[in-house]
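Visitor: The residues making up each chain are set out below.
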Amino acid sequence: MSARTHPPAGSVADRAMTGALQEAEQARHSYVGCEHLLLALARDKSDDVGRLLEGAGVELARARATVQQVVAQGRGDGPRWSQADLLSRVGVDLAAIQRRVQAEFGPRAVEELYASGIGRRLPRGPLCGLMVAPRLKEAFALAVDTARHDGRGVDSAHLLLGLLDTDSPGLQAVLAALGVDHRGLRAAVAARLRAAS
Amino acid sequence: MTEAIELAAAAGNRDPDVGLAAVVALRELLAQLEALQVMAARNDGWTWERIAAALGVTRQSVHRKYAQRHRPGRRST
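Heads up: the sequence lines are chains F and D, in that order. At the far end of the first sequence sits residue 204, using my numbering, and the numbering has no gaps. At the far end of the second sequence sits residue 219, using my numbering, and the numbering has no gaps.
Errors might be hidden in some of the hints.
Said to hold, decoys possible - Computed spacing ranges between beta-carbons, pair by pair:
no., chain 1, residue 1, chain 2, residue 2, range
1, D, A182, F, G186, 52 to 58 Å
2, D, T200, F, A16, 17 to 23 Å
3, F, R131, D, G198, 24 to 30 Å
Derived by calculation from the structure, the hints in this document are not laboratory data. Ideal Cβ placement from N, Cα and C applies to all residues, glycine included.
Work out the full structure: start from the sequences and follow the hints.
Guide: Right under this line is the structure:
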């Protein structure tokens, strides 16, 4: 998600997106997808939705391991291998190159490049940060729509409903592997949202 | 760049799936590094001609790749 589409700072959606990015980074994936947002929602046990997920079979440690498996099998919402891993296969240390680029051209050089005329037609590449999977953007858009319809801000239940209503291969593979009843979970979240509005 | 890709492919993994994806990543990385250098050179006042000579390509090709198109009234060299 670019700075332009990132949810408002401090909001529930912002915290969830930050959590999803952390999950993707820790897993050394090159993208953030619906499967990572699921982990972010599941890890917040102070939240109703976090507890709901745990009850439905999304236990955090197992879910993380499952996400790793699904992505490694190429069944996630984005590319199977991270750019850093691929480059290390041919003896290139991406982190070292990123440090050199920052030292020589400044900490925001890559963003500046893409904002400039010179980078306008340049395809994305390993120096760009995590890619946001289109399916994840779709899930966020659905959550925003539902929240607007409910006349309130986006909360974690809206996000989970958005995830479950998005046709995300990564999320579906993870839920199936965990033995989660997709329809049952969706019904439970929808009921919670109805009760809250 | 072609040389680098050939080198990488030769040194790379025997699984073509991984090897080819690695070459793509390397190609994209090279394109980004080249663009960063071009941006720095332009910021330092280099002409497209000088940048092209340094990259070993024609002025037209570097201009086509990097110069902004619709800038009426502004010299691009």
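Visitor: Decide, hint by hint, whether the structure agrees.
Guide: Here is how each hint holds up against the structure:
1. A182/D / G186/F: 52 to 58 Å: For A182/D and G186/F the Cβ distance comes to about 54 Å; the hint holds.
2. T200/D / A16/F: 17 to 23 Å: Violated - the Cβ-Cβ distance for T200/D and A16/F, about 47 Å, lies outside 17 to 23 Å.
3. R131/F / G198/D: 24 to 30 Å: Given about 25 Å between the Cβ atoms, the range holds.
In summary, the one numbered hint that this structure violates is 2.
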